[in-house]
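Assemble the whole structure, with the sequences as input and the hints as a guide.
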Amino acid sequence: MTHLIALSPLDLAIIAIYFAFVLYIGYYLKGRASTGDDFFLAGREMTAWIAGLSFLSANLGSLELMGWAAAAYQYGILSVHWYWIGAIPAMLFLGIVMMPFYYISKTHSVPGYLQLRFGEPSRALSAVTFAFMTVLMSGINMYSMALVMKVVLGWDINFSIWVSSITVAIYVALGGLRSAIFNEVLQFFLIWFGAMLIPSLGLVEAGGFTGLKARIIANLGSDSYIHAWSTLGSFTGNPMGIHWTGIVLGLGWVISFGYWTTDFLVVQRVLAAKDLRSAQLAPIIGAAFKMMVPFIVILPGLLGLAVLPFKLTGEAEAIATGGHSYNEVLPLMLARYCGPGLMGLGITALIAGFMSGMAGNVSAFATVWTYDIYRALMRKDATDGHYVAMGRWCTILGVLVSIGTAYLVMQFQSIMDYVQALFSFFIAPLFGTVILGMLWKRATPAGGFWGLLSGTLGSIAMWAWVKADPSAIRYIAFSEHARDMAENMYRGLWSWIICVAVTVAVSYCTRPKPEPELAGLVYGCTHIPGEEQAPLHHRPAFWAVAVSLVFIVLNLIFW
Amino acid sequence: MHTGSGISIWFFIGALLTIYGALILGYGLYSLAVPPAQPPVLHELHAGIWWGAVLLAVGLGYSYAHLPRKRS
Numbered sequence: 036m037t038h039l040i041a042l043s044p045l046d047l048a049i050i051a052i053y054f055a056f057v058l059y060i061g062y063y064l065k066g067r068a069s070t071g072d073d074f075f076l077a078g079r080e081m082t083a084w085i086a087g088l089s090f091l092s093a094n095l096g097s098l099e100l101m102g103w104a105a106a107a108y109q110y111g112i113l114s115v116h117w118y119w120i121g122a123i124p125a126m127l128f129l130g131i132v133m134m135p136f137y138y139i140s141k142t143h144s145v146p147g148y149l150q151l152r153f154g155e156p157s158r159a160l161s162a163v164t165f166a167f168m169t170v171l172m173s174g175i176n177m178y179s180m181a182l183v184m185k186v187v188l189g190w191d192i193n194f195s196i197w198v199s200s201i202t203v204a205i206y207v208a209l210g211g212l213r214s215a216i217f218n219e220v221l222q223f224f225l226i227w228f229g230a231m232l233i234p235s236l237g238l239v240e241a242g243g244f245t246g247l248k249a250r251i252i253a254n255l256g257s258d259s260y261i262h263a264w265s266t267l268g269s270f271t272g273n274p275m276g277i278h279w280t281g282i283v284l285g286l287g288w289v290i291s292f293g294y295w296t297t298d299f300l301v302v303q304r305v306l307a308a309k310d311l312r313s314a315q316l317a318p319i320i321g322a323a324f325k326m327m328v329p330f331i332v333i334l335p336g337l338l339g340l341a342v343l344p345f346k347l348t349g350e351a352e353a354i355a356t357g358g359h360s361y362n363e364v365l366p367l368m369l370a371r372y373c374g375p376g377l378m379g380l381g382i383t384a385l386i387a388g389f390m391s392g393m394a395g396n397v398s399a400f401a402t403v404w405t406y407d408i409y410r411a412l413m414r415k416d417a418t419d420g421h422y423v424a425m426g427r428w429c430t431i432l433g434v435l436v437s438i439g440t441a442y443l444v445m446q447f448q449s450i451m452d453y454v455q456a457l458f459s460f461f462i463a464p465l466f467g468t469v470i471l472g473m474l475w476k477r478a479t480p481a482g483g484f485w486g487l488l489s490g491t492l493g494s495i496a497m498w499a500w501v502k503a504d505p506s507a508i509r510y511i512a513f514s515e516h517a518r519d520m521a522e523n524m525y526r527g528l529w530s531w532i533i534c535v536a537v538t539v540a541v542s543y544c545t546r547p548k549p550e551p552e553l554a555g556l557v558y559g560c561t562h563i564p565g566e567e568q569a570p571l572h573h574r575p576a577f578w579a580v581a582v583s584l585v586f587i588v589l590n591l592i593f594w
Numbered sequence: 003m004h005t006g007s008g009i010s011i012w013f014f015i016g017a018l019l020t021i022y023g024a025l026i027l028g029y030g031l032y033s034l035a036v037p038p039a040q041p042p043v044l045h046e047l048h049a050g051i052w053w054g055a056v057l058l059a060v061g062l063g064y065s066y067a068h069l070p071r072k073r074s
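Taken in order, these protein sequences are the chains called A and B.
Here the numbering used here is used: the first residue of the first sequence is 36, the next is one more, and so on.
Here the numbering used here is used: the first residue of the second sequence is 3, the next is one more, and so on.
Mixed in with the good hints there might be a few duds.
Unchecked claim - Derived list of chain A stretches under chain B, where covered just means 3 residues or more per stretch with a C-beta under 8 Å from a C-beta of chain B: (1) 39–50; (2) 55–68; (3) 215–229; (4) 374–384.
Stated by the list, open to error - Pair by pair, the computed Cβ-Cβ distance ranges are: (5) B/Leu44 <-> A/Trp428: 49 to 55 Å; (6) B/His45 <-> A/Glu350: 28 to 34 Å; (7) B/Leu62 <-> A/Ile431: 33 to 39 Å.
It should be emphasised that the hints constitute simulated quantities derived from the structure, not laboratory data.
Glycine residues also receive a C-beta, built at the ideal position from the N, C-alpha and C atoms.
Pasting the structure below:
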């Protein structure tokens, strides 16, 4: 079959060396994963930098890289909101407001925090939904990655799936979370060094950012692709079909805060920090780098609009016409500028992105399964060694289930259409439950559980309603012109509101926990060590303000 | 951050970047002498040479700063 890129022996050597390194790190660390704290929480000894870079890297999957480059080609600079307002405020909020409660409570997971705050039913509900969502997402990512490798490199799908997943299974099963985190830091560097050349050379070719904008306007006849905010006054004024309220309230508030503050995949990295200050600084360091990610993701998509001599289309049209789809924009730009060696580095960056995302999924799944499902519901009194062994087996099992999911998706590709919806079913209401649990003493165990359940069911019901009657989108998203992405944003917002309303109502009808039982879990009942004695540059709040200022300036520049 | 018996994760990163830098710089210099049949866009900028040099410099810097023997 034809494919975009032909790899030279030098490129293959670069990829092979990468695999050898990640496996060696797992092997080297295997002796440091003998206790539960070692295996599941990396001994709680990570510095702020290690935890922060790993926190970001676990989110930087290859699909994230290629998917958002594709979105930038399709929707223009609006895609940058998923990196800025859709991430930065939430990451700073996690560091400054929520991390003290996660860290001081000494929980090993987000469902574990819910158990401490609201009891077993809330933990069971969130643990089961998280485990289900994690292996499903992992399998879908695996399939999508293998598909890209087939289209771009001509690699067999089975080869890509098995080689990359077995490698992840080996290094995580050997070294636990410590191995996953160390490899994620390594992968973070590879992603940046592998991907940075594309925008750098692209800007040279386009004549700088001014030249890039001029070319896009000339090619598309509109400047709506190069403004982040000024086109959001109406649903029809921008390529994404979304209103600024959807971006600010749906994405910037509910979806973003839900993902960055309650998705255990990312929170687990910060829980491994060596002390509270490191745990608070880690998401702030992550936020500083997250703001820069559009340079290697969004900019290549925009450069594709400016310099590629042909037009990219949707997947179906690309298959029908033999052309290229939006999803191929990043590999196309890589092939445009990179010769042997640099090409291998770029492909290694994509593989590293995939593996860091998968390792994040697998290590989080192993922890939630072992502590929040197996120990909580099946075997409460086993030894620490037994749970570590379960964690290792679970890592392998999680990878195998993900592989099974990947093959399932291969047979029933419509599953892909439901992924974003699935994500919004669970994440948005979970944020409502956790934030009320942390900040409101009066929230009761019954309120927490029923709020979480009704928010989740409400979200599923809204999704089913629009599926059955597409015109219902005018009630969910306030406009019949709203598109899928806008629907997800507004559905997330509604499900969060339902969760909060039910939690408040049920809490006022039921008996709250006595305050001594809330120590270390809730604002007002927890002693949080002050930072008054620390020099200004050691204080998380100082760096949060600095990152906030850069965030504001960037939004104004690209308004 | 150590990996248990003295080797820092930063050393691993430095070592990998050093190897990559040497390979990419080496090929970049080779392609000066033997230009590729189908050069990429902006080949005249010789990205392989300067990017390989950057990787090599960063890699050597990290490796030296975090040599295992220095962190006993």
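Comparing the hints with the structure gives:
1. Judged by the Cβ-Cβ criterion of 8 Å, the segment 39–50 of chain A is covered by chain B as claimed, because 3 of its residues qualify and three suffice.
2. A stretch counts as covered by a chain when three or more of its residues have a beta carbon under 8 Å from one of that chain; for the segment 55–68 of chain A and chain B the count is 6, and the coverage holds.
3. For the segment 215–229 of chain A, the proposed coverage by chain B is satisfied: 6 residues have a C-beta within less than 8 Å of a C-beta in that chain, meeting the threshold of three.
4. For the segment 374–384 of chain A, the stated coverage by chain B holds: 5 residues have a C-beta nearer than 8 Å to a C-beta of that chain, and at least 3 were required.
5. One distance hint, 49 to 55 Å for the beta-carbon pair B/Leu44 and A/Trp428, holds here, with the actual separation near 50 Å.
6. For the pair B/His45 and A/Glu350, the beta carbons lie near 31 Å from each other, so the given range of 28 to 34 Å is met.
7. For B/Leu62 and A/Ile431, the hinted distance range of 33 to 39 Å is satisfied, since their beta carbons lie about 38 Å from each other.
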